[in-house]
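Student: Sequence order for the protein chains is A and B.
Quick note: the first sequence, position 53, residue 55 per my numbering, numbers continuous.
Quick note: the second sequence, position 27, residue 41 per my numbering, numbers continuous.
No lab work stands behind these hints: they were computed from the structure.
Possibly wrong hints are sitting among the right ones.
[What the hints assert, rightly or not] Some chain A residues close to chain B (C-beta under 7 Å, calculated; not the full set):
1. 10
2. 22
3. 25
4. 32
5. 46
Glycine included, every Cβ here is placed at the ideal spot set by N, Cα and C.
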Amino acid sequence: MGIDIRLPLGALFSLLGLILIVYGAISDPTRYQQSLGININVDWGIVLLAFGLLMLLLARRGARSAASAVRKP
Amino acid sequence: MTGIDWLILGLYFVFVLGIGVVLKGSVKTSTDFFLAGRAIPAWVCGLAFMSANLGAQEVIGMGASGAKYGIATSHFYWIGAIPAMVFVGIFMMPFYYGSRARSVPEYLRLRFDEKTRGLNAISFAVMTIFSSGISMYAIAKLIQTLHVFDGVFRRLGLNSSWIFDFAIVISAIVVLVYTFLGGLSSAIYNEVLQFFLIVAGFLPLSYLGLKNVGGWSGLKATLGPSFTHSWRGMGHANTNRLGVEWFGLVMGLGFVLSFGYWCTDFLVVQRAMAAKSMSAARRTPLIGAFPKMLFPFLVILPGLIAIALPTQPADPRTGVVANAPPGKGIIPVKVDATSGATMLDKDGKPQLDYDLAVPSMLLHYFPPGLLGLGLTALLASFMSGMAGNVTAFNTVWTYDIYQSYIKPGATDEHYLWMGRASTVFGIAFSIGAAYMANHFNNIMDMLQLVFAFVNAPLFATFLLGMFWKRTTGHAAFSGLLAGTAAAAIHHGLTLPAEALPGIKGGWLAIIHNYPSEMAQNFWTAIFAWSTCFLVTIVVSLLTRAPEESKLVGLVYSLTPRPEEEPLAWYARPASLAIMVVAGTVLLNIIFW
Chain A
3 MGIDIRLPLG
13 ALFSLLGLIL
23 IVYGAISDPT
33 RYQQSLGINI
43 NVDWGIVLLA
53 FGLLMLLLAR
63 RGARSAASAV
73 RKP
Chain B
15 MTGIDWLILG
25 LYFVFVLGIG
35 VVLKGSVKTS
45 TDFFLAGRAI
55 PAWVCGLAFM
65 SANLGAQEVI
75 GMGASGAKYG
85 IATSHFYWIG
95 AIPAMVFVGI
105 FMMPFYYGSR
115 ARSVPEYLRL
125 RFDEKTRGLN
135 AISFAVMTIF
145 SSGISMYAIA
155 KLIQTLHVFD
165 GVFRRLGLNS
175 SWIFDFAIVI
185 SAIVVLVYTF
195 LGGLSSAIYN
205 EVLQFFLIVA
215 GFLPLSYLGL
225 KNVGGWSGLK
235 ATLGPSFTHS
245 WRGMGHANTN
255 RLGVEWFGLV
265 MGLGFVLSFG
275 YWCTDFLVVQ
285 RAMAAKSMSA
295 ARRTPLIGAF
305 PKMLFPFLVI
315 LPGLIAIALP
325 TQPADPRTGV
335 VANAPPGKGI
345 IPVKVDATSG
355 ATMLDKDGKP
365 QLDYDLAVPS
375 MLLHYFPPGL
385 LGLGLTALLA
395 SFMSGMAGNV
405 TAFNTVWTYD
415 IYQSYIKPGA
425 TDEHYLWMGR
435 ASTVFGIAFS
445 IGAAYMANHF
455 NNIMDMLQLV
465 FAFVNAPLFA
475 TFLLGMFWKR
485 TTGHAAFSGL
495 LAGTAAAAIH
505 HGLTLPAEAL
515 PGIKGGWLAI
525 IHNYPSEMAQ
535 NFWTAIFAWS
545 TCFLVTIVVS
555 LLTRAPEESK
565 LVGLVYSLTP
575 RPEEEPLAWY
585 ARPASLAIMV
595 VAGTVLLNII
605 FW
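One chain only, chain B, in its complex shape:
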């Protein structure tokens, strides 16, 4: 990195921290800190809703999947996000926002009982700490691999092995300062800033790359149909790059996993709860869905271009690349961190380090100046994702764990103080988790697996809770446990192709082989959801029905329809939903 790149990065830090400092003055109560005073306009919440989910792992991971699977990766957006975002805005937000619950676990207490809330609050709190730790680890590793700080470290006479620690500490401190000072509003405002920075940093990459390979038609000619069609070959798992058939994709990803995340994860729902009115809260996920729909062009496309480019840099004067067979592109091979040797797959061919697809593209196309902006965008994506975890953690910790089980009945001032304190120790724990990820990769893989088991059945509980008034607390609790157990058992009995029994599955016995890990994941989710759904229904019918008077505002059939604010026709939630769905259908047809 040169001086100009540092200037851009420094400017970003000044603004991010500045927002925290300015907003400090407006934080007076715990509601200001945890819910941004419920005063944020819809478009700001909408962009934050999308941005909090857009961590560095997503930017890096979606580029990597683009290089590996092609444009079919867009299913994670068009099938795996948009329908759920529309559903949460139109159908679920009236209960989240209308119940005045301060968090998703608190909604579960209002609707069901204490034990269901406790289960959700504790698993969610642990999960946020580990996921922000894992993303912190990922960004530090990336900075180390790209050698962005090496020059400065050499000049300052510092040991370059400290770069990993430096990257972790600096990013943690920045996020800490602005969330500590301004709470959720500071996180949300920064997420909007970060959203635009991510666009500003990645849009020129897609533009230059696409121009270089001769546009979409050039990309199609170079890579062939398996990379450039999202639905073709989805009839059978063996005829597409993802290794999943359409039913597993639509039900597993599009229904269970996607709805489970977008409709129940407090990290995103919190952004909508901060909105200034019911209609703003409902519009939040819908507004977020518009950029979400187009993000494949920013984060997936560079991955495809990276694999399409010839390994030798093209002649810069002629620009357009001659047709080259699908190959490595500019993606480097995977190198073992300790030995420095190239890692080989089972056929003895070198493995590609797909995670470096997007970073390699940045270094390939961006001159000093824009490179600083690109790296800032990468860092911004990391920070927005991390702040999302941190603000969700401090809220769930303070309201759902501390206030409920440790110290009820304290003053609001005390809880505000606890919110700030938990921001500090939440980040400290995340740093611990980042180092744990660095030393014990297997533990992290196992934890992520356990979280997947806990999350998979969640949407069944919410769906029944919100739309069937007969659902009882005992049923919700036992359904969640049964769903998690079903996920674990299914994982233990199946194995993806080319994997060994263990962390990848098959640790009980192998009764079924899946064509890919993705197919196994999707089907694990389907089993978990169905089990939770059935068990919740059966146990509900066996237990005493809840009193209807207590469910007003929490269940669909007992809640008056939300009053429509006088908005222009195009700004109403229903109109936005129709536009988003129509746009998504159109994109699916174009990239069929």
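Same shape as in the complex, but just chain A:
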């Protein structure tokens, strides 16, 4: 009913991932001493973006198979 939760989930995590990647790329590298020298914003941003895109993909697939299920009686 209502919506496919994978849609907002995918959108939110893709956006979060993008924000972290962009911010991580432009922020001062010395900030990352506290995260053991790892630019954790970029790294984790990539993971979140990948997860978000996967959810969007699954949601699209789900919508397609639902649509074809409706067409076939």
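Given chain A, put chain B in place with the hints provided.
Tutor: Structure of chain B alone, referenced to chain A:
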């Protein structure tokens, strides 16, 4: 908090509220509002099942226990949750879902009688209000302690003493808006979102922390076996950090408390009742059990790392920390809120504020950006827990109290309206409870104690009700009362070590001392359960047996086995249950 952190928090709010707004259109009947139209897929219900239980107190509290007791805290998951989640999915869900009861108290009315339902409905409704109030208080206090909003308040020229009120009001409004608009489906969808956010916010913490201390082997070397084994030393209460022996742990936590919560608490069971089919309802707790099994690595591990780190921050270029003796780690000492002085234990040593273990870790490792995500995760955990309470409250209030005792026979529209209205006043009461917790800590401690007494015997009633057709309504009711009384009496007669008679026990007389508060809690539960079990059996045999024709669909021996949907072998409830149990056994062996 910097601009980027606010951006992330703001984005989260937009999505959470957006889900409520979008779902508003699909709420047309009271069933849509209270039971999500019984149309939610199993995996969504499963994650919500787990997430509704995952309040901020759990995230903070499990990290605190990790720092205090070590990996043995995982017993609260591997012993104290998984077996019960499997049991409710396989054995109990057919009756909850199959009876078409709209709530757990309503099941009690169908199976037993009106008075048993009334007792359960009223105590449950009061309990949900207070527990969401207490968690609201906890999160507001935390926000205040971490000084996350201080910068903004200073810039806006606001008094920083308002931060506590601001945190309470803002979190209450957000939860109110989305549960008011979309009802249970909105709460469930948000719980899924919140589940993934909690993982996204805490996983990098465990990763960075573990890397910093040299992995699990580094942690073992630093903290020693008492922190890194979950079963070693469980033979006797004095040889493990929990202060409980294995029998009290397995029976008290693993059986009575855990089954009492996961199998009878409407807050979680409601998520399964919203599932779209019987098989989806049965799979709900089983699917939830998979992440539950792994959550110790997200919420307990950071606590262990916090205690293992040297008090001085490690050299960031070399990363790995030299072996330091077990000590304070990065956990700050407890400070008296009014005087600002360090609080000391009875030996004159400073006490540690274990509740700050996880928040200190977030501030220690996360740079701006990820810090926003971490704090959002904390807030998300709070909201999912609170929404769980709110949706359970409005359903029990409307169906089991209002429709049953105040205004029966009204239109469905009217009950839908009442559901929305009770969402508003339920949250208003919770805010009141949060302020009460702030002013009268003792009252809250006492209330939680009373709730523990009421809850402890519940599973005996359900177990007999579902699996013994001879159990009668009078027996269930008197068993519950006797069990609660037994819990209170046991608590009044025993005292944990190093505690004074009063709220901690021993208020009648002291006939036994327990090595720890945890041991006392577990044994209180064992006594309550056993009393309820025996009294229910005896009274059942003394009263007239219920008519069997009325028990079809409610009792095991009188209900046809649920038909299996054609599912792939690995997706069937029984296969999922076997996988979960095998995984849990494996984890127990690894962390023996």
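Student: Are the hints correct? Go through all of them and say.
Tutor: Hint check results:
| no. | hint | in the structure |
| --- | --- | --- |
| 1 | 10 | 6 Å, holds |
| 2 | 22 | 5 Å, holds |
| 3 | 25 | 5 Å, holds |
| 4 | 32 | 10 Å, violated |
| 5 | 46 | 5 Å, holds |
Violation of the numbered hints given earlier is confined to hint 4; every other hint is satisfied by the structure.
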